[in-house]
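Given chain A's structure and the hints, the job is docking chain H onto it.
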Amino acid sequence: MEDYKFLFKVVLVGNAGVGKTCLVRRFTQGLFPPGQGATIGVDFMIKTVEVDGEKVKLQIWDTAGQERFRSITQSYYRSAHALILVYDISCQPTFDCLPDWLREIEEYANNKVLRILVGNKTDREDREIPKHIGEDFAQRHGMYFLETSAKEAENVERLFMEIAVELMEQAKCKELPKYDGSLGPINGKTTSVGDSSCCLRS
Amino acid sequence: MDDDLPTDFQVIVVGTGMVESIVAAACSRIHKNVLHLDSSDHYGGLWASYNFDGLQKFIKEVTSDPKKQVQVYNLIEQWYIEKESPPEEEKKDGEAEDGKTEPPKKIWSQANFASEYRKFNIDMTPKLLFSRGPLVELLISSNIARYAEFRCVTRVLTWLNDRLMPVPCSRADVFATEAVSIVEKRMLMKMLTSIVGYNEEEMNNEFKDWNDKTFKEYLTHKGLTPNLIHYVLFAIAGGTDDMPCLEGVKECKKFLMSLGRYGNTPFLWPMYGSGELPQCFCRLCAVFGGVYCLNRPIDTVATKTVDEGKTVVVIESKSKTLNCDHLVIGINECPKDLVSPEPAESCDISKAVFITNGTIMKSEKEPLTLLRFPPLIEGGGAVTVLEVGPATGSCPKGLFVVYFITNKVTDAETDLKPYAEKIFDMSGGDQTVESEKPKCLWSLFYNVKDTSAPVESAVPSVHVCSGPDAGLDFDRAVDQAEQIFKKICPGEEFLPRAPDPEEIVFEDDVTHGPEFQREQEDEADGDTPKE
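Keeping their order, the protein sequence lines are chains A and H.
In this text, residue positions in the first sequence follow UniProt numbering: the first is 1, and each later residue adds one.
In this text, residue positions in the second sequence follow UniProt numbering: the first is 1, and each later residue adds one.
Take the hints with a grain of salt, since some may be wrong.
Calculated from the model, a selection of chain A residues having no Cβ within reach of chain H, i.e. all distances over 10 Å [to be verified]:
| hint | residue |
| --- | --- |
| 1 | E54 |
| 2 | L102 |
| 3 | V113 |
| 4 | R115 |
| 5 | P130 |
| 6 | I133 |
| 7 | D136 |
| 8 | G142 |
| 9 | E166 |
| 10 | K172 |
Per label pair, the in silico range of CB-to-CB distance [to be verified]:
| hint | chain 1 | residue 1 | chain 2 | residue 2 | range |
| --- | --- | --- | --- | --- | --- |
| 11 | A | P93 | H | S319 | 16 to 26 Å |
| 12 | A | P93 | H | N323 | 26 to 36 Å |
| 13 | H | P499 | A | R158 | 28 to 38 Å |
| 14 | H | R261 | A | K5 | 48 to 58 Å |
| 15 | H | E308 | A | K131 | 54 to 64 Å |
| 16 | A | C173 | H | T300 | 30 to 40 Å |
| 17 | H | F175 | A | K112 | 36 to 46 Å |
| 18 | A | K112 | H | C347 | 38 to 48 Å |
| 19 | A | D100 | H | N323 | 22 to 32 Å |
| 20 | A | D136 | H | E456 | 21 to 31 Å |
| 21 | H | E456 | A | C173 | 51 to 61 Å |
| 22 | A | R158 | H | A114 | 32 to 42 Å |
| 23 | A | D136 | H | Q56 | 30 to 40 Å |
Read the hints as simulated data drawn from the structure, not as lab findings.
Backbone N, C-alpha and C fix where the C-beta goes; we use that ideal spot for every residue, glycine too.
Excised from the complex, chain A in its bound form (with noise of 0.2 Å):
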């Protein structure tokens, strides 16, 4: 067994371009990547980080590009135990299809999921969305929220850990979406997420 007592699934969506891989890629390598080509090649980011003495690891994973034309699998957002949906605070746009992804998220994610908002690229001069707007909108749609950059490091952290501070709270109140019992993944590996009774057992 690997050495980490909770493992979470967090899902990013948002339009292509918003920065979704450069967020995952910021936490998990400390990168910011250079280039706006799609996500190729990149299914999900491992990070095992510490929360009170704990470790947790965070399953990160990316839309692969299926968010370019609105052809995200359902499956995508199963077992997720949080979902960050991300827009550019640059780009008027990317926050008009917000209530877009949230009728989807709705439709496929677990109801229980912690949702956080996230404007990112706030290193950007030429800001189109103001701050206070963005945190209306989450406060109205019940979702926590933060303005991040990926490019200057600014939040990120601070973005992964606050999920994982919030998951494990949530965990050792059994309020997490439960995913128990099922068989898992069949090869045996340790992918299999969430709050498996050996998981929470302390």
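Below, chain H without anything else, positioned relative to chain A:
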């Protein structure tokens, strides 16, 4: 946004059914440039799973569009419950996590179904996986298994002496069961052992004289009692009286070989329904650069010869011209003139879905059941029944979804209702009454055109994918996908293992890394935000 769609691909796949999706993944995996389209707004085509709302839309679409009725017809939807709940029966959140104290039986109304629509995942093509079958092996070897979760089928039942009977599957089951005498147990074990030893190449002595005889004759010849013959022929082999001996032996062997890997039975069921599986392959395709576009019908398909005598397939879609070297297309999307010859008329499939308020046979834990009926109607075939509960993500707590599948004789309702009435109370009425049979709350009967026969295309660079078959597993789809892949990419490996996230090396980091790595150090030193 559609304007961004590139126009030139090595492979274009039209339709997101099982075969199409596997081919798309296999091509993309070896770095072919793949575009994957579907005319509808969801994945899976006839292999899809729908939530209750999606299913209602599907029913409406089919009943209002004669073109769709070429594939799906004779739809009959029926409710057995009231439109609205009586006010005092205000429902509690169906998701109460602690099911320890048994709550009073819920009275379901149509309104409850509508409000909990998201919790349903109803399959158009429900199928099981053999634990050691080709699909499970492929999911594991390709690493696509990480996109899916499964549950074990907990029991196999049959209909014997006018009641439901559990079928002993494993060696342990055979010895534990009280339905079979000691002598019968020995007989059965001996027979099963000889079947496991059956090998097509060797054609070993045991079966060499049985080529033209039925499986039933063989089982009778082995001195099996009528009960045992019933278990082996109907429940384990899924056959009928006229099943050829060698076919029966093969089916039995498949069943026996898959025992003991994951659970008590040889079968797995995909969480959230069979419709998840094509999506897993699509995800892999996308991860390796495949471009996805739903809601994208195609208008015409043509071929043109460019210089060097190379043939290019040209597709018109939403007034955009798309070119590819190979077109992989689902039979239902394929222009008729590309199919040659017209597939022979085949026996269509009768299907039904029931939603009930309890399992067909009580058990300690939530069961996941395969039930195989022997033919009860003159001239009819065997009927396969799958019952799945809330733990599979198929329905809200308190309900079960039950699928019926058989070959069409008359129409779905005539073919299947007599079987349903054996195991459900279909009279409507008071849902709280404790009775042996669960109440049927909702039902849907429909026929599907059998498009599962392999079809050759008139053009070598167009590859036609079959539709779903009536069989229990996905084996035919997997096999066909591999055949198509080999035609497109001769000599290439079919879905080699995808790397785990830890193994991925990002080449672009090498060239541009240093500049940004400094920032990483900053970040690590102190969390000072930058202006």
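Consistency of the hints with the structure:
1. E54: E54 (chain A) clear of chain H: closest Cβ-Cβ about 20 Å, beyond 10 Å.
2. L102: Per Cβ check, L102 (chain A) is outside 10 Å of chain H; nearest 14 Å; holds.
3. V113: Consistent with the label, V113 (chain A) stays out of reach of chain H, its closest Cβ about 13 Å off (over 10 Å).
4. R115: holds (16 Å)
5. P130: Per Cβ check, P130 (chain A) is outside 10 Å of chain H; nearest 18 Å; holds.
6. I133: It holds; I133 (chain A) is separated from chain H by about 21 Å at its closest Cβ, greater than 10 Å.
7. D136: Label holds. Min Cβ-Cβ 23 Å, cutoff 10 Å.
8. G142: holds (17 Å)
9. E166: Correct as stated: the minimum Cβ-Cβ distance to chain H is 18 Å, above 10 Å.
10. K172: Since the minimum Cβ distance to chain H is about 15 Å, K172 (chain A) lies beyond 10 Å and the statement holds.
11. A:P93 with H:S319: 16 to 26 Å: 23 Å Cβ-Cβ, so the 16 to 26 Å window holds.
12. A:P93 with H:N323: 26 to 36 Å: holds (30 Å)
13. H:P499 with A:R158: 28 to 38 Å: Given about 30 Å between the Cβ atoms, the range holds.
14. H:R261 with A:K5: 48 to 58 Å: violated (29 Å)
15. H:E308 with A:K131: 54 to 64 Å: Between E308 (chain H) and K131 (chain A), where Cβ atoms are some 58 Å apart, the hint holds.
16. A:C173 with H:T300: 30 to 40 Å: violated (58 Å)
17. H:F175 with A:K112: 36 to 46 Å: The hinted range 36 to 46 Å holds for F175 (chain H) and K112 (chain A), with Cβ atoms some 44 Å apart.
18. A:K112 with H:C347: 38 to 48 Å: Roughly 46 Å apart at Cβ, these two residues keep to the hinted range, so it holds.
19. A:D100 with H:N323: 22 to 32 Å: holds (31 Å)
20. A:D136 with H:E456: 21 to 31 Å: violated (59 Å)
21. H:E456 with A:C173: 51 to 61 Å: Check passed, 60 Å falls within 51 to 61 Å.
22. A:R158 with H:A114: 32 to 42 Å: holds (41 Å)
23. A:D136 with H:Q56: 30 to 40 Å: With Cβ atoms ~35 Å apart, the hint holds.
Taken one by one, the earlier hints fail for this structure at numbers 14, 16 and 20, listed in ascending order.
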